[in-house]
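For the sequence shown, the working numbering assigns the number 7 to the initial residue and increments by one for each residue that follows.
Hints listed in this document are in silico derivations from the structure and should not be mistaken for laboratory results.
Because the structure is a prediction, the values reported are computed rather than measured.
There's no promise every hint is true.
[Unchecked claim] In the DSS-like style, the derived pairs of lysine-lysine whose C-alpha atoms are separated by at most 25 Å in a straight line are:
| no. | residue 1 | residue 2 |
| --- | --- | --- |
| 1 | K14 | K51 |
| 2 | K101 | K51 |
| 3 | K51 | K21 |
| 4 | K14 | K131 |
| 5 | K131 | K112 |
| 6 | K112 | K51 |
[Said to hold, decoys possible] With beta-carbon atoms standing in for the labels, derived distance ranges:
| no. | residue 1 | residue 2 | range |
| --- | --- | --- | --- |
| 7 | Y74 | R170 | 31 to 39 Å |
| 8 | L28 | V113 | 45 to 53 Å |
| 9 | T68 | V26 | 31 to 39 Å |
| 10 | L238 | V113 | 39 to 47 Å |
Beta carbons: idealized from backbone N, C-alpha and C, even for Gly.
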Amino acid sequence: VHDFAFFKFDPAAVKHMPLVELPLAPDEAESASEIVIIGNNAGEKCSIHRTTLARLDRNAPTYSRSGYNDFNTFYFHSASGTTGGSSGAPVLNLKGNAVALNAGGKVGTSAGFFLPLDRVARALKLLQASQPVPRGTLQMVCTHQTFDEARRLGVPDEIENEVRRRCGRQRGMLVVSEIVPEGPAAQAQLQPGDVVVQVGGELCNSFVGLESRLDDAVGSTIDLCVCRGGELIRTKLQVDDLHALTPHRYVEVGGAV
7 VHDFAFFKFD
17 PAAVKHMPLV
27 ELPLAPDEAE
37 SASEIVIIGN
47 NAGEKCSIHR
57 TTLARLDRNA
67 PTYSRSGYND
77 FNTFYFHSAS
87 GTTGGSSGAP
97 VLNLKGNAVA
107 LNAGGKVGTS
117 AGFFLPLDRV
127 ARALKLLQAS
137 QPVPRGTLQM
147 VCTHQTFDEA
157 RRLGVPDEIE
167 NEVRRRCGRQ
177 RGMLVVSEIV
187 PEGPAAQAQL
197 QPGDVVVQVG
207 GELCNSFVGL
217 ESRLDDAVGS
227 TIDLCVCRGG
237 ELIRTKLQVD
247 DLHALTPHRY
257 VEVGGAV
């Protein structure tokens, strides 16, 4: 789902090159902060781009109409001007700590998109401890919408004020956009346009908060509160195991999968 991988190697096997660790620091990403992207831009060895983080709450970009697209995560945005060759390059702050991974850009523009490191750092920590990496899902896709849009969808002023007060970093709320038929969200009769208010009994308006609560509840149930047309709807959903639902092999016959 989120496009990253880990490479395991023996440091003792690396010759004639000192190894330098880049600490993962997802909490140090800040809007309007300066960043440095080190990669192989346009096939050039060791290109260095210096730019400024513009947004931390962009919805996942659309890479392809028929191929891979990420979802249920924020992306960072910057006018970095990076192109092919720098995918997966570290995005560093001025302390030299990694705050994101360079993920892609918009053709014909300078727009660059970076994957935050919250879930990357979590997965790495679990792997280093030889523990499984649980992934929970309600089989639905959410997007992050502004408070103006949430208000248009019926979110009362008192809920908006509470979310603004307690979850001030994000400037909006999560809204259901797609639901997989027969999944937990569909069985609970959730609908596109439902605004997420609480997950697990706590206010939630960020993807990291949503995913962390689902990952901790795999195989059990979780309480969910959404707002639909100004009415609060509370329900209990089964949290599915995303690993069990993800195919590991495909059969292709006559050009069809």
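Here is what the structure says about each hint:
1. K14 / K51: Within the cut-off at roughly 23 Å; holds.
2. K101 / K51: Satisfied, since the Cα-Cα distance of roughly 23 Å is no more than 25 Å.
3. K51 / K21: Cα-Cα ~19 Å, so holds.
4. K14 / K131: This hinted pair holds, its Cα atoms lying about 14 Å apart.
5. K131 / K112: violated (32 Å)
6. K112 / K51: holds (22 Å)
7. Y74 / R170: 31 to 39 Å: With Cβ atoms ~34 Å apart, the hint holds.
8. L28 / V113: 45 to 53 Å: The hinted range 45 to 53 Å is violated for L28 and V113, with Cβ atoms some 29 Å apart.
9. T68 / V26: 31 to 39 Å: At roughly 35 Å between Cβ atoms, V26 and T68 fall inside 31 to 39 Å, so the hint holds.
10. L238 / V113: 39 to 47 Å: holds (43 Å)
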